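**Student:** Generate the whole structure from the sequences, applying the supplied hints.
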Amino acid sequence: MSSNIRRLNDKGIDVFEAAIKDERAGRPSIDFVQLSNHDDYTESISSTISLDPLRAFSTRYEFGVYLASKLDLPTITPFMHDRGFWTWLALLYYAQLKQPGKKPSKPYNYIQSNDYRHRPRHAVFMTWSLVSNYGDKSSYLLSKSMHVRGELIEQLMAQKQLLTFKGIMELSSELYTDEAGESFKKGSTSRTKKGAIIRFINWVDQISINYDVYQMTKAELSELLPSEFDEFRSKKGSFLGRLMGR
Amino acid sequence: MKKTINYTSRQKILKSEVFITLNETTTPSSFSASFEFDKKKKLDGAKIYIEAHHRETRQRFCFGTVGLPTVPSSTSLDEVDMSAPPLFRVLIVDESGVHGKIIASGDQFRAGNDPSKDHSSRDSLLPLRYCDLRSRVWRLSFESEDSFELQLNNQIPGLKQLVDANPVYQALILPAALQQVFLYILFQYDSLEETKERDYFSKWVQFGQSLVSTSFDDFSEHKRILWIDDVIEAFSAQHDFAKKMIGGTNE
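Sequence lines, in order, name chains F and L. Quick note on numbering: the first sequence equals residues 155 to 400 in the working numbering. Quick note on numbering: the second sequence equals residues 515 to 765 in the working numbering.
Quick caveat, the hints were computed from the structure, so don't treat them as lab data. Remember, it's a predicted structure, so these values are computed and weren't measured experimentally. Check the hints yourself; a few may be wrong.
[Stated by the list, open to error] Using 20 angstroms as the maximum straight-line C-alpha spacing, the simulated EDC-like pairs for lysine to aspartate or glutamate come out as follows:
id : chain 1 : residue 1 : chain 2 : residue 2
1  : L       : K615      : F       : D176
2  : F       : K314      : L       : E570
3  : L       : K615      : F       : D359
4  : L       : K529      : L       : E550
5  : F       : K314      : L       : E593
6  : L       : K556      : L       : E531
7  : F       : K314      : L       : D713
8  : F       : K320      : L       : D592
9  : L       : K717      : L       : D743
10 : F       : K252      : F       : D176
**Tutor:** Okay, here's the thing in structure tokens:
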């Protein structure tokens, strides 16, 4: 089974949002599959790209790889900033993007928000952006189940310009990806540990005042990295983690 | 007297030194820029970069050096979210060392700031935009943290003229919009000092303080609400909204 990609119109976005709110309040909701194909609420876009709505993904990274392989840049460029497009994609995979048997998360996880504080939280747009820009270097940020956004991505993407700093994104991947290359190292999300991601973000803020970070490579940035990050530079995943493939 | 210490010796690029024009007739939109940097800043050999940005998107262009500006082969804004006019950041970077160092910068520049043209909202704290708001007459957009926007519904015939000239519309929209701005800003922070971290927010607080004599050291919720109320009252009095409304409705 496959679905040609579409976009939700304004009315469709409103219906989807109201349905999410109903589910969160424990009220009866709607048939989401029907909504994703309904001509009154969605519009066809001139593309032959089709997606398999029943395909199951074990992690957000796997989902991102699938999206990046299907949504080629020339085709989706006109829809890059179209919230109806990204919201339709979240609707298509809505059943997987919410925790099974639980209420959904806040609407902005599925409905692309206009509010700058909530935009990085969109489950599909951010996943696609990270994988299409950084490939396997983004795997540590997207290693959890489909319905989990993850603390690391929450902290990193709160600084909206970071996504455009290629060197910074590559360096953070090198520092925090575990040895198996599938998740992040223990302690990365700590709020108090030296060298954790929150300290990394502070460091980026600090050097951005003087250095042209946008143009700097991972190697150039690495030279400036303070010693408090040494533990993460060299730290391998735990023995147990390696044994279990984590 | 307020004292500022600049530890970085980075210089500030003023809006009067950079003129940006947005060309929305091309698809995608493009822009051009010209420069009149203050010679006292001695930036000659350094590179000029302009970054257009909106939301999480950003696109950078090199305009040569301060001593010898050039025009990039393309200034198409094809990587920037153009659902609203982008803001521009100007960077002067010294690339003579191992790492490029920012020696001067300026941010939140808007296109259309050429002083030879009339742009009444050039440095406006609350720029106006006309767009389709479906069933709403107006709304305040907090989409960008760099600049809020007062949006008016372009589906209502003549609304632009009404808001420009009719005191009834001004009285009903402007104080309410201002109140939303202050509520948004002052409830983001735990202290007044923290609002200074963002230049745009700080300008709003300064604007509010210019209208009322009271400042508040006590940042309690109650005090904040009272202060905002005072500011709205002073703003309304300054523009005589109630009186003008009586006059307007009697006409």
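**Student:** Decide, hint by hint, whether the structure agrees.
**Tutor:** Verification of the hints:
1. K615(L) to D176(F): violated, 52 angstroms
2. K314(F) to E570(L): Holds, because 5 angstroms separates the two Cα atoms, which is no more than 20 angstroms.
3. K615(L) to D359(F): Measuring from Cα to Cα gives roughly 14 angstroms; hence the hint holds.
4. K529(L) to E550(L): OK: K529(L) and E550(L) at ~10 angstroms, within 20 angstroms.
5. K314(F) to E593(L): holds, 15 angstroms
6. K556(L) to E531(L): Holds: K556(L) and E531(L) sit about 14 angstroms apart, inside 20 angstroms.
7. K314(F) to D713(L): holds, 17 angstroms
8. K320(F) to D592(L): holds, 18 angstroms
9. K717(L) to D743(L): Distance ~18 angstroms between K717(L) and D743(L) Cα, so the pair holds.
10. K252(F) to D176(F): holds, 14 angstroms
Hint compliance for this structure: hint 1 alone is broken.
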